[in-house]
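Asker: Chain by chain, the residues run as shown.
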Amino acid sequence: MTVTGSPIELRAVTKRYGALNAVDQVSLHLDPGECVILAGHNGAGKSTLIKLILGLIRPESGTVRVLGETPGTPAAARSRRHIGYLPETVALYPSQTGVETLAFYARLKGLSPAGNPALLSRVGIADAARRRVGGYSKGMRQRLALAQALLGQPRILLLDEPTSGLDPASRLLFYEIVRELRDQGVAILLSTHALAELEGLADRAIILRKGQKIADGNLSQLRHQADLPVRIRITLEAPPAQPLPEWRQIAAQRFERHCSERDKLASLRAAHDIPGICDLELDHPGLDEMYAQFLHREDA
Amino acid sequence: MSPTLILIRKEIRDSLRNRWVLAVTLLLAMLALSLGFLGSAPTGSVKVDPLTVTVVSLSSLSIFLVPLIAMLLSYDAIVGEIDRGTMALLLSYPVSRHQVMAGKFLGHLATLSLATFLGYGVAGVALQAAHGEFDPAAWGPFGLLIAASILLGASFLALGYLISALVQERATAAGLAIGVWLFLVVIQDMVLLGILVADQGRLITDAALNVILLFNPADVYRLLNLTGHENIAMYAGMAGLSGQVTLSAMTLLLVQLLWIALPLALASWVFNRRAL
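Protein chains in written order, with this note's numbering: chain A, 1 to 300; chain B, 1 to 276.
Simulated from the structure, these hints should not be mistaken for laboratory data.
Honestly, I wouldn't trust all of these hints.
Under the rule of at most 20 angstroms between Cα atoms (straight-line distance), these lysine to aspartate or glutamate pairs were calculated in the EDC-like manner [as the list claims (entries may be wrong)]:
hint, chain 1, residue 1, chain 2, residue 2
1, A, 210, A, 60
2, A, 264, A, 279
3, A, 138, B, 83
4, B, 10, A, 100
5, A, 210, A, 299
6, A, 210, A, 288
From just these sequences and the hints, can you work out the full model?
Answerer: In structure tokens, the structure reads:
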């Protein structure tokens with residue numbers, strides 16, 4: 001089966017729960033090999049959006065296309081073998097062992113369980129694979145859940161808050177695997193609160209608030225949209241001979257100034273011309289700060 | 001392997017592992033044995049095969065127990081998996097909701113059938129062995145009893161699935177399942193009996209009674225057992241009633257199958273439209 005459409009395509013999708021618009025006129029688009037972060041507070045509509053893409057719920061209006069199919073139709077049910085999903089609350093069957101769990105899900109995707117041991121060691125739970133999932137720690141359950149999402153080389157990965165409550169080692173492993181898959185051309189949609197950690201990973205971020213999309217773009221676009229000040233810090237060899245009016249002194253030989261994204265280059269040139277400059281630090285606002293800025297701006 | 005088969009396999013393995021099959025088998029076998037040995041005491045002089053008498057008492061017992069076991073198996077099947085979050089993951093796989101419903105139901109049905117077959121079967125063999133004679137003729141009605149019990153269980157499984165697909169919380173499903181069980185197995189018959197006594201046959205004719213009984217899978221099971229074998233009806237002291245029952249075994253079987261198919265189809269329809 002060849003799939004022509006883009007992996008995920010949403011157009012003006014609205015989903016209501018009673019009077020509440022859980023998702024409100026959201027359009028989004030994912031290309032192969034793109035890792036997109038879905039950010040927003042609890043209840044902003046992240047999980048609802050993922051459920052719409054999976055076809056667990058249907059939108060009131062708008063169109064959803066996943067691998068060219070409308071979720072919830074029999075054709076979409078077949079194309080789901082190309083989707084890997086990691087739910088927000090990892091729920092596996094506690095009486096099954098890790099091996100059995102993965103074998104069960106592999107069979108459902110029409111795969112032979114032959115490749116499972118490799119997958120289990122890839123996520124680092126090969127040692128515990130013969131134990132019952134009920135006795136697993138949260139990190140181990142999350143790793144096993146990640147393994148099931150990776151079954152059968154998916155074309156789309158939907159990861160709903162995958163790293164919440166994970167130890168740093170699991171987190172690093174997790175990012176490593178996601179990066180690898182992205183490079184292989186998998187379209188990845190990742191919902192999270194931990195934006196800062198994903199800066200190097202994300203090609204694009206979408207920020208949701210009360211079901212509406214309030215920002216969408218790659219990091220530099222978001223930076224421009226957020227218009228948060230950039231911080232420049234300089235260190236001088238000796239205390240300056242004349243006062244530096246635009247700079248604020250933070251130590252004997254250290255100065256700091258804030259400027260907007262637009263004035264960044266001009267400010268850097270000006271800093272370069274200061275006599276006796278021996279070091280320069282440039283501090284961009286992180287994803288977390290931009291995220292806070294976007295939400296704050298909407299509230300105002 | 002089709003997704004339905006994979007799910008059936010998983011359900012059966014789960015119920016073997018969590019000792020459901022074992023517990024139900026033991027329960028049914030012990031009750032069948034105690035009824036068989038106690039019930040056969042007074043028949044010593046009448047020279048009746050112990051198995052035949054046991055069928056009568058067992059059918060009265062099964063009518064309470066089998067539906068209860070079926071309800072306990074099924075009430076959690078849909079709402080429980082939704083509640084725990086395993087359903088969302090399952091449905092992200094290339095499986096349709098009809099297949100999920102069919103797979104789980106058939107898996108539970110296999111569990112219940114296995115336990116009934118083993119439990120009653122073991123008891124039947126033990127009873128005959130204890131009496132030192134093997135009478136193949138008595139196995140006919142006994143086999144029918146097992147088959148009818150499985151059908152009864154299936155219809156209550158289907159009702160349990162319907163409840164499980166309808167409600168939002170597991171506690172509600174549990175309460176409703178027990179309520180439906182109580183109503184169909186205990187209350188409806190008592191109310192009907194009261195009405196019949198008060199009515200003295202003025203309004204409710206035999207024909208009307210037949211129809212009324214069809215609206216309850218437990219009553220259909222009772223009729224199926226009583227009319228299935230004339231000896232049984234006689235020993236059950238119900239020869240009179242079964243004389244009035246004009247429904248053929250075929251009709252009863254058909255109605256019992258409807259009691260399985262309709263709730264299950266409805267459950268599947270409800271589940272298919274449900275937002276997760």
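Asker: Now look at each hint and say whether the structure bears it out.
Answerer: Here is what the structure says about each hint:
no.: 1; hint: A/210 <-> A/60; result: 17 angstroms, holds
no.: 2; hint: A/264 <-> A/279; result: 17 angstroms, holds
no.: 3; hint: A/138 <-> B/83; result: 18 angstroms, holds
no.: 4; hint: B/10 <-> A/100; result: 10 angstroms, holds
no.: 5; hint: A/210 <-> A/299; result: 11 angstroms, holds
no.: 6; hint: A/210 <-> A/288; result: 18 angstroms, holds
Every hint from the earlier list agrees with this structure, and none is contradicted.
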